[in-house]
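K.L.:
Sequence:
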Amino acid sequence: MDLTKMDAILLNYVSFLCSVWGTEHIYFTHNIKQYKLESLQDSFLEEGISIENIIDKELQRSIKENYTADIPYTILLTADDYTESILTHLSKEYKIDIMITGNKNELQGTGALNQKLVRMLDANVLLVPEKTRNQLKKVLIPTDFSSASANSFEETQILIASSKGEIEALHVYNIPSFFFPYINTEKAIDKTKKQLKEKVQQFKKRYKLTEDIDFKYMDRKEFSVVEAIEEHAEKGDFDIIVVSARGGNKIASLFIGSVTNDLLIRNRRMPLLVIN
Numbered sequence: 001m002d003l004t005k006m007d008a009i010l011l012n013y014v015s016f017l018c019s020v021w022g023t024e025h026i027y028f029t030h031n032i033k034q035y036k037l038e039s040l041q042d043s044f045l046e047e048g049i050s051i052e053n054i055i056d057k058e059l060q061r062s063i064k065e066n067y068t069a070d071i072p073y074t075i076l077l078t079a080d081d082y083t084e085s086i087l088t089h090l091s092k093e094y095k096i097d098i099m100i101t102g103n104k105n106e107l108q109g110t111g112a113l114n115q116k117l118v119r120m121l122d123a124n125v126l127l128v129p130e131k132t133r134n135q136l137k138k139v140l141i142p143t144d145f146s147s148a149s150a151n152s153f154e155e156t157q158i159l160i161a162s163s164k165g166e167i168e169a170l171h172v173y174n175i176p177s178f179f180f181p182y183i184n185t186e187k188a189i190d191k192t193k194k195q196l197k198e199k200v201q202q203f204k205k206r207y208k209l210t211e212d213i214d215f216k217y218m219d220r221k222e223f224s225v226v227e228a229i230e231e232h233a234e235k236g237d238f239d240i241i242v243v244s245a246r247g248g249n250k251i252a253s254l255f256i257g258s259v260t261n262d263l264l265i266r267n268r269r270m271p272l273l274v275i276n
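Numbered as in the working numbering, the sequence shown ends at 276 without a single skipped number.
No wet-lab data here; the hints were simulated from the structure. One should not assume that every hint holds.
Said to hold, decoys possible - Cut-off 25 Å, straight-line C-alpha distance, at most; resulting in silico cross-link-like pairs (SDA-like, lysine to any residue):
hint	residue 1	residue 2
1	K95	I75
2	K191	K205
3	K116	L11
4	K164	T210
5	K33	R133
6	K138	I175
7	K205	E154
8	K57	Y82
9	K194	N174
Unchecked claim - FRET-style restraints, in silico, Cβ to Cβ:
hint	residue 1	residue 2	range
10	T210	E231	24 to 30 Å
11	I158	E186	36 to 42 Å
12	K197	D80	48 to 54 Å
13	I265	N174	17 to 23 Å
14	I158	L90	22 to 28 Å
15	E231	P72	25 to 31 Å
16	A69	K221	39 to 45 Å
17	H25	I265	28 to 34 Å
18	E222	I54	50 to 56 Å
Computed from a predicted model, the values in this text were never measured in an experiment. Here a beta-carbon is modelled for each residue, glycine too, at the ideal position from N, C-alpha and C.
All chains should be modelled from the sequences, with the hints used to inform the complete structure.
P.N.:
Printed below as a string of structure tokens:
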């Protein structure tokens, strides 16, 4: 929580998630930058009043007004110059499964912290935009048929078990346009789709995915992969996009897969769950 209007949005959405997820405990956190803490105490606050007490009261007020679930919670107030570092520490200490944070568009915020958290945390990260619906009926999972992608399906099936939501998978492919003068376009597309259907069956069998998961294929044409995913998500009226933090090219764990990284930067329209 960052004491902005985003807090009310997050608290409302978290309250909804508690009704469909088997949540045991919630930790509401706020980190005060150490240098800000020292300057405020020296310059503005009256004797006997601490910035920690003020922030704690404001967090309590916001939670009381916007948090409606019955799941027990704890407020964690920290003071550190590096928010991503202290949140990583808290995640390990309290064995956090999912960290939920705001994904701002119109409200002030750059999104840089979210990118750092996805790189550093062992926990899953759920980014919630300013305008979101309290439902999990339609879930979109972009896939490249990698083992990391398969993990996204396993996690998602657990998370939507109570809400009985539907999962749709999307694979974005591309046939370079410079091939078209030399090949039969229809045959090329038909052959690509046939190969993809075979890949899907192998993928489902290898990772024991249920047969009811619908797989769609989309030629990105002049779009980037991320633009194609966003277009499909909006047209399909999905409630959330789920992606793996790592791509299928086995790069070092420090780096986010390129598609996931682009979604982190661009996506501000619907919740984005990044599976670590």
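K.L.:
Run every hint past the structure and note whether it holds.
P.N.:
Each hint tested on the structure:
1. K95 to I75: Since the Cα atoms of K95 and I75 sit roughly 16 Å apart, the hinted pair holds (cutoff 25 Å).
2. K191 to K205: holds (22 Å)
3. K116 to L11: holds (22 Å)
4. K164 to T210: holds (14 Å)
5. K33 to R133: Roughly 32 Å separates the two Cα atoms, so the pair is violated.
6. K138 to I175: Violated: K138 and I175 sit about 29 Å apart, past 25 Å.
7. K205 to E154: holds (13 Å)
8. K57 to Y82: Within the cut-off at roughly 23 Å; holds.
9. K194 to N174: holds (14 Å)
10. T210 to E231: 24 to 30 Å: holds (26 Å)
11. I158 to E186: 36 to 42 Å: holds (41 Å)
12. K197 to D80: 48 to 54 Å: Given range 48 to 54 Å: holds, Cβ gap about 51 Å.
13. I265 to N174: 17 to 23 Å: Once the Cβ atoms are compared, 21 Å apart, the range 17 to 23 Å for N174 and I265 holds.
14. I158 to L90: 22 to 28 Å: Given about 23 Å between the Cβ atoms, the range holds.
15. E231 to P72: 25 to 31 Å: violated (41 Å)
16. A69 to K221: 39 to 45 Å: holds (44 Å)
17. H25 to I265: 28 to 34 Å: Hint holds: Cβ distance 31 Å, inside 28 to 34 Å.
18. E222 to I54: 50 to 56 Å: holds (52 Å)
Violated hints, in rising order: 5, 6, 15; the structure is consistent with all others.
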